[in-house]
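Undergrad: Here are the chains, one letter per residue:
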Amino acid sequence: MLELKGISKGFGGVKALSLVSLSVEAGSVSALIGPNGAGKSTLLNAISGIDPPDEGEVIFSGERVNRLSPMAIARRGLSRTFQHLELFGEMTVLENIMVGRNARTKAGFLAAGLRLPSGLREERESLSSSEEILDYIKLGHHRDDLASNLPIGEQRVLEIGRALATGPKLLLLDEPAAGLNMRETRDLGELIKRIRTEKGITILLVEHDMDLVMRISDAITVLNFGEVIARGTPLEIQKDPLVIAAYLGDEAA
Amino acid sequence: MGRGNSIALVLLVLAVAGLPFVTTGSYTLTVGIFSGINALVAIGLCVLMGSAGQVSLGQAGFYGIGAYVSSVLSIKFGLPVALSMIAAMAVASAAAALLAVPALRLKGHYLAVATLGFGEIINVILNEWGPGGPSGFGDIPHLSLFGYTLSSTTSNFYFIWLCVAAGLVFSLNILNSMTGRSLRAIHGSETASIAMGLDIVALKIKVFVLSAIYASLAGALYAHYVTFISPSSFNLFYSVLALMMVVLGGITNVWGGVVGAVIITILPELLRKFEEFDVLVYGLILTLSLLFLRKGLVPLLIEKAARLKGGTDARA
Chain S
1 MLELKGISKG FGGVKALSLV SLSVEAGSVS ALIGPNGAGK STLLNAISGI
51 DPPDEGEVIF SGERVNRLSP MAIARRGLSR TFQHLELFGE MTVLENIMVG
101 RNARTKAGFL AAGLRLPSGL REERESLSSS EEILDYIKLG HHRDDLASNL
151 PIGEQRVLEI GRALATGPKL LLLDEPAAGL NMRETRDLGE LIKRIRTEKG
201 ITILLVEHDM DLVMRISDAI TVLNFGEVIA RGTPLEIQKD PLVIAAYLGD
251 EAA
Chain V
1001 MGRGNSIALV LLVLAVAGLP FVTTGSYTLT VGIFSGINAL VAIGLCVLMG
1051 SAGQVSLGQA GFYGIGAYVS SVLSIKFGLP VALSMIAAMA VASAAAALLA
1101 VPALRLKGHY LAVATLGFGE IINVILNEWG PGGPSGFGDI PHLSLFGYTL
1151 SSTTSNFYFI WLCVAAGLVF SLNILNSMTG RSLRAIHGSE TASIAMGLDI
1201 VALKIKVFVL SAIYASLAGA LYAHYVTFIS PSSFNLFYSV LALMMVVLGG
1251 ITNVWGGVVG AVIITILPEL LRKFEEFDVL VYGLILTLSL LFLRKGLVPL
1301 LIEKAARLKG GTDARA
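Residue numbers (this note's numbering), protein chains in the order written: chain S, 1 to 253; chain V, 1001 to 1316.
Treat the hints as calculated values from the structure; they're not laboratory data. The structure displayed is predicted, hence computed values, not measured ones. Don't take every hint at face value.
Unchecked claim - Okay, derived cross-link-like pairs now, EDC-like style, lysine to aspartate or glutamate, Cα gap no bigger than 16 Å in a straight line:
| hint | chain 1 | residue 1 | chain 2 | residue 2 |
| --- | --- | --- | --- | --- |
| 1 | V | 1076 | V | 1139 |
| 2 | V | 1295 | S | 90 |
| 3 | S | 106 | V | 1199 |
| 4 | S | 138 | S | 190 |
| 5 | S | 5 | S | 54 |
| 6 | S | 5 | S | 57 |
Construct all of the structure, not just a fragment, from the sequences and the given hints.
TA: See the structure below:
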């Protein structure tokens, strides 16, 4: 599904990522973990094209995408959420999801302004599929509330719903559990598992909540100082001496 | 369109239809005509600013292109006025697209600066190369539709407000569509809009072109109504005035453009009795309104009305 080959990225003199290679199996939940500043968000930005890598290749569904714009990458079926929430705050919960569907619609200004049948049909389709997603992520009761008025936990879920509306093959989640309480985190874990099993969408997440990561991931990659230091199943990662050292400091190793 | 918009539209149609019957002489209707022409410019600017979050300081340029291109085509080339108006709108659209492509690739308020320069360039061109130079030219034919020439004040008043109503409905439809939601999304978060696969550059160019179409239509209507034009009607002052209309009326609602345009057009007329102090009072009123009506009149009124009804929905 996703293949990273030798990704490097520097900011000024600082090397944020060096020669990161990674592969995400179709239909899996993969996690990317590592201490703060390890380069996890930088890697997600490199994959989604928001901040392209200096070197290396990003292969998505068999196509090299690291020279493409983030818009073009999104349209090929890669969607994401943001660590610092990027909801459309002044729009309702339903509207946020509907925007997720907009890139798949064709009607333009003229069809919209004159309410041509083609535009109205797309409008109805967009509404019904967005309402379906709204029920799927269990935010139906907030349908007409402004997105900015939701509590953080539900805003994170809404970001996932909006990303689902684009009809992705691969979903990148950037710290989806940040700011969530225990119950919300558990529900989030269930939602991620459902998305994988029921919708068959591959998931790559960056997360600090180890409990969540160990519970839902099939494969974990550990980054430290911009390099991959370990990869494996949750059980393997928990026992890896390099990973323990990275998290607890070198003295513990 | 929601229920509120439909009710407001019916009220507007009744007011416009009734006005010629309750006024004597052509003065009120003439002010009404200029209000309508300004309202068209303001609606276009409102969509650009309120939904896409872009600012234009060059609407006078498109307004001028509409007036000049349509007049010249109808006089020198003998084109039917309806056709020359459409051609003028096409020229303005092309100019807007050419201007927007480089300006919108940059982030921030580059469009505002670029449009400011554009408006001034158009004004210089009209002064230097326009027929009659700075003193302008006359004998512009009236608009004829289906063999009927719009020469009377009343017929122009009706036709121009018909255009305003059509322009309003068109904008409201866009804002309530997927396209409108995409525009508001860009305003909300460009990063997320791109990640959702929206072509934000194309959308921004299109909405800018739309605002230019409204302004050029207004310019053409102006020229074929007053039948005499000169560059001084299409200078930076007019661009600023258009901005004022939109800010005063409220950028988040296209009705704000209409309300702002009517107020800004009528206000100087009402202030005539202050004689030489009229500009002072005008400035004072505008300054105070901008200080105390930050969101603009229409969104503020909607909020007040919602609160009176006891509703919790404070969306404008």
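Undergrad: Each hint should be assessed against the structure and marked as holding or not.
TA: Now the hints, each set against the structure:
no., hint, verdict
1, V/1076 x V/1139, "11 Å, holds"
2, V/1295 x S/90, "14 Å, holds"
3, S/106 x V/1199, "12 Å, holds"
4, S/138 x S/190, "12 Å, holds"
5, S/5 x S/54, "12 Å, holds"
6, S/5 x S/57, "5 Å, holds"
In this structure, none of the earlier numbered hints is contradicted; all agree with it.
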